[in-house]
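Novice: Each chain, letter by letter, is given below.
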Amino acid sequence: MRGNLNDLRGRAWVFGNNIDTDLLAPGHAMRKPLEELAQHCLEAIDPQFARSVRKGDFIVAGEGFGIGSSREQAAQALAYLGVGAVLATAPARIFYRNAINLGLPVARFPDAHLVRAGDSLAVDLVHGRVYNLTQDTEHDCEPVPEFLRDVLRAGGLIPHLHARFHRQQP
Amino acid sequence: MTAYTLAEKILMRASGAGSVRDGDIVVAKVDLAMMHDSGGPRRVAPYLQQLGAKVWNPDKVVLVSDHYVPAVDPQSAAILSLTRRWAQENGITRFHDMQGICHVVLQENAHLRPGMLVVGGDSHSPSGGAVGAFMVGIGATEMAGVLATGEIWLRVPETLRVKWTGQLAAGVCAKDMMLALCRDLGQNNDYKAIEYYGSTITSLPMAERFVLCNMSAELGAKAGMIAPDEKTLAEIRANGGDIDDSALQWRSDEDAEFERVVEFDAGRLAPQVAAPHSPGNTVAADQVGRVRIDQAYIGACTGAKLTDLHMAAQVLRGRKVAPHVRLLVAPASLRATQIAAADGTLAALTAAGAILLPTGCGACAGYGAGVLAEGEVCISSTARNFKGRMGHPTSQVYLGSPFTVAASAVAGYVTDPRALLH
Numbered sequence: 001m002r003g004n005l006n007d008l009r010g011r012a013w014v015f016g017n018n019i020d021t022d023l024l025a026p027g028h029a030m031r032k033p034l035e036e037l038a039q040h041c042l043e044a045i046d047p048q049f050a051r052s053v054r055k056g057d058f059i060v061a062g063e064g065f066g067i068g069s070s071r072e073q074a075a076q077a078l079a080y081l082g083v084g085a086v087l088a089t090a091p092a093r094i095f096y097r098n099a100i101n102l103g104l105p106v107a108r109f110p111d112a113h114l115v116r117a118g119d120s121l122a123v124d125l126v127h128g129r130v131y132n133l134t135q136d137t138e139h140d141c142e143p144v145p146e147f148l149r150d151v152l153r154a155g156g157l158i159p160h161l162h163a164r165f166h167r168q169q170p
Numbered sequence: 001m002t003a004y005t006l007a008e009k010i011l012m013r014a015s016g017a018g019s020v021r022d023g024d025i026v027v028a029k030v031d032l033a034m035m036h037d038s039g040g041p042r043r044v045a046p047y048l049q050q051l052g053a054k055v056w057n058p059d060k061v062v063l064v065s066d067h068y069v070p071a072v073d074p075q076s077a078a079i080l081s082l083t084r085r086w087a088q089e090n091g092i093t094r095f096h097d098m099q100g101i102c103h104v105v106l107q108e109n110a111h112l113r114p115g116m117l118v119v120g121g122d123s124h125s126p127s128g129g130a131v132g133a134f135m136v137g138i139g140a141t142e143m144a145g146v147l148a149t150g151e152i153w154l155r156v157p158e159t160l161r162v163k164w165t166g167q168l169a170a171g172v173c174a175k176d177m178m179l180a181l182c183r184d185l186g187q188n189n190d191y192k193a194i195e196y197y198g199s200t201i202t203s204l205p206m207a208e209r210f211v212l213c214n215m216s217a218e219l220g221a222k223a224g225m226i227a228p229d230e231k232t233l234a235e236i237r238a239n240g241g242d243i244d245d246s247a248l249q250w251r252s253d254e255d256a257e258f259e260r261v262v263e264f265d266a267g268r269l270a271p272q273v274a275a276p277h278s279p280g281n282t283v284a285a286d287q288v289g290r291v292r293i294d295q296a297y298i299g300a301c302t303g304a305k306l307t308d309l310h311m312a313a314q315v316l317r318g319r320k321v322a323p324h325v326r327l328l329v330a331p332a333s334l335r336a337t338q339i340a341a342a343d344g345t346l347a348a349l350t351a352a353g354a355i356l357l358p359t360g361c362g363a364c365a366g367y368g369a370g371v372l373a374e375g376e377v378c379i380s381s382t383a384r385n386f387k388g389r390m391g392h393p394t395s396q397v398y399l400g401s402p403f404t405v406a407a408s409a410v411a412g413y414v415t416d417p418r419a420l421l422h
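For the record, the sequence lines run as chains U and D.
168 is the number that the numbering used here gives to position 168 of the first sequence; each next residue is one higher, with no gaps.
346 is the number that the numbering used here gives to position 346 of the second sequence; each next residue is one higher, with no gaps.
Isolated chain U, as found in the complex:
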């Protein structure tokens, strides 16, 4: 992952409820390599997204973000495009695990509906705070649990396990 979990900064891309995995990683692109697949991410609802999203930007969304398939390309496409974290009222279960496993931070954010597209945010996922620099407001979000912060800091589950295996078998 990019930056410090207690100080992530970027602009907000705001989406509604039930953004499903077919929108994030469309079936027709699933056999293509990641760099091509990622260009189709969210194309059905925002054709500009893949082209315009910048490194560190946040996805701010409602309930059921990432519902549907277990395809982890849904999270991987966002990470590839540079998304810094996903803040959703209710991230879907498999998406949540996939994202963390791939080093993309995700957190529950009950006040997601108060964020406007393009707002500039500073996010502390260790203590669970979202600072909306554009609106000059502060909000709570769910902190990422300690054991998952370890996974994120390692860069995802595979590097995390690699370190564990390496320690066990020097």
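Calculated directly from the structure, the hints in this document are not laboratory data.
Given the structure is predicted, the values throughout are model-derived calculations rather than measurements.
Incorrect hints may have been included.
[To be verified] Within a straight-line C-alpha distance of at most 20 angstroms, the following computed SDA-like cross-link-like pairs (lysine to any residue) qualify:
1) Lys-32/U with Pro-74/D
2) Lys-29/D with Arg-164/U
3) Lys-32/U with Lys-29/D
4) Lys-29/D with Pro-58/D
5) Lys-32/U with Leu-80/D
For this one, chain U is given, so just place chain D on it according to the hints.
Specialist: Here is chain D on its own, set in the frame of chain U:
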């Protein structure tokens, strides 16, 4: 004595924890790991290589090629070839190549038992709960972690208990029950186990119980579960599984703590249809209005098992598909195809004008044959109608039971099947 839910009992056993309560994080040993050609070897192999790890126990792995079958281009052929090679190199003996859709194949081969902790590299993994297993869907990186360690961390879920009583009317089935639940319970029951029980559930055949657990994924659930009974054990035995009656112990204690209990009356349920673009966008089939269809699709683990083909044939026997409609049928398994061929079901379907497609996940996820063009309308026996899932982003997918899909194919528009059943 403390009382526990079925989910808690399984996670206690698998984690070795003396006691658990919902919200606890446990590290559990996995009894079985299932993956398919899409999320399987092509994605986990590089991770395992990176870790320098081998599969912790090849006998606890089931691999199924169902997503890219049969190959339609060099890319899908390469994925299938890689899957076969990986199975051989890693000593995976339970490899089912083009035998059907993973969730159906797991049960047809008696790979599941009550009380097991199973992970599946597919979101419809809650299907495994139909036999009283705790089966959760995971992604490919997580699967690589399981393959390397044999373990997974899990949060012990609350259990939402769904009671169904009453008898389903003719032309109404488990699919209608689930479409109604997607509307009534919503799609964000994340992190919960949903357990189905009651007299309706007891009377349902295993294939219909499967649909309830399968579509628990559409409720957002972590697991769908039904406690095993004599029918469960009989099915496992009929599929060649060796199991004794002690497996019936895997059930929730009646005084266990459930998050909530909701009750539904199956006797009052009419055929249901979910309009685009959500399985929860459900109304009674006769309330949809006049929606003209271009395609009717009977497919997927949810809607093309042998029982589903029988439902479709019950409507289509002696009838013809409307001239402007194409009816596509992709049976959920090779075994379903074989039995349906032998018992006259396929003859009834094809005589009505149905086009028979290869067994596999097919057009359900937009991978296989039968995808939709711009603006086309389809009624489908699959589980999901997300925008663009079955083809062009402007295509419209309605979900219904195999009865409803077959009746709509005949009528040429979305229709309540009860008028066509005698």
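Novice: Next step is simple, just say for each hint if it's right about the structure.
Specialist: Against the structure, the hints come out as follows:
The suggested pairing of Lys-32/U with Pro-74/D holds, with an alpha-carbon distance near 11 angstroms, which does not exceed 20 angstroms. Taking the CA atoms of Lys-29/D and Arg-164/U, the gap is about 18 angstroms. The hint holds against a cut of 20 angstroms. Among the hinted pairs, Lys-32/U with Lys-29/D is inconsistent with the structure: their alpha-carbon atoms are about 34 angstroms apart, more than 20 angstroms. Pair hint Lys-29/D plus Pro-58/D holds up; C-alpha atoms about 14 angstroms apart against a cutoff of 20 angstroms.
Taken as a hint, the Lys-32/U and Leu-80/D pair is honoured in the structure, with Cα atoms around 15 angstroms apart against an allowance of 20 angstroms.
Comparing the model with each numbered hint stated earlier shows that hint 3 is the single one that does not hold.
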